[in-house]
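Protein chains in written order, with the numbering used here: chain A, 60 to 215; chain B, 60 to 215.
One should not assume that every hint holds.
The list treats identical chains as interchangeable, and a pair is accepted whether it falls inside one copy or across any two copies.
[As the list claims (entries may be wrong)] Straight-line Cα separation of at most 20 Å, DMTMM-like style, residue types lysine to aspartate or glutamate; simulated pairs:
| id | residue 1 | residue 2 |
| --- | --- | --- |
| 1 | K74 | E91 |
| 2 | K104 | E171 |
| 3 | K136 | E171 |
| 4 | K83 | E161 |
| 5 | K70 | D159 |
| 6 | K148 | D112 |
| 7 | K74 | D154 |
| 8 | K136 | E208 |
| 9 | K169 | D88 |
| 10 | K104 | E161 |
Hint data in this document are derived by calculation from the structure and do not stem from the laboratory.
Number of protein chains: 2
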Amino acid sequence: MTVNQELNLKKDTGKNFTAVHVGKFSTLDQYELHMQSINRTVHGKVFLREAIDSTSVQISLNKLPAGRTVPFYHAHKLNEEVYIFTGGKGQMQVDDQIFDVEEGTVVRIKTEGVRTWRNNSDQDLYYVVIQAKENSLTADTIEDGIKSEKSVVWAE
Amino acid sequence: MTVNQELNLKKDTGKNFTAVHVGKFSTLDQYELHMQSINRTVHGKVFLREAIDSTSVQISLNKLPAGRTVPFYHAHKLNEEVYIFTGGKGQMQVDDQIFDVEEGTVVRIKTEGVRTWRNNSDQDLYYVVIQAKENSLTADTIEDGIKSEKSVVWAE
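Just chain A, same shape as in the assembly:
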């Protein structure tokens, strides 16, 4: 176990998928995470790789309350990160360069980028963070998809 976080999530599963139901982003503070590296327990951050049995990405859902600042910088060893902001406003800093983020901002950061972020607004900030191994993608998008010829049926 690489993340010290016990989750008891409602799941749907099948041979080829795992779905978890985490709840609305506004309720993310119910989840508690002990971060050994900074010796503190944080709320509003849920790591999902183990829960969804992913073999390619670590994903977290995050809520940073109004006025809150992440108290440290960090970089990575092997993994590129992508931050997808899904609600609210704030700022990021990478290698001392500051820029605004808001709903619909997507940020890709190389392993060596030294990063932090803050919510300098009066509304909560919501975002998804993705970690995946730098330079691992070989085929992408539509060329990797295989369209089925069978007609879509939704049983009622």
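Once you have looked at the hints, place chain B on chain A.
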């Protein structure tokens, strides 16, 4: 170019990062995508790998209007997919198994899973789709992070 989509996004860039500002999820229909495989032009889907210069993931931001159904099934060759629902309600189907999705549902699907989804609600459905190479993740999460000792400074 693997996706036939011209984007003219506001960007912030640095040596180790690329940030794009796509706009609120509710305005995603402004983006147009020609999908050759199904010979149709769709609105409300933005592929971002090229725009953010990612080397590990393809990411799309998506809006599926109330009542709309995706008209085909698909699977993948090399890439695992993760769907993160960020607003609204709907249903997914993987290998004929149907389950509900809503804000906070996260679904990981293996390459061979045959998938489709629909918005059977009266509100718009919003989601992020991530593609990354199956079995590519080697280190994850906190163990891959390198915490910096320098104090966080936000210049005004």
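Discussion item. Taking the earlier hints as the rules, which of them does this structure contradict?
Written reply: Of the numbered hints given earlier, those the structure breaks are 1, 2, 6 and 9, listed in rising order.
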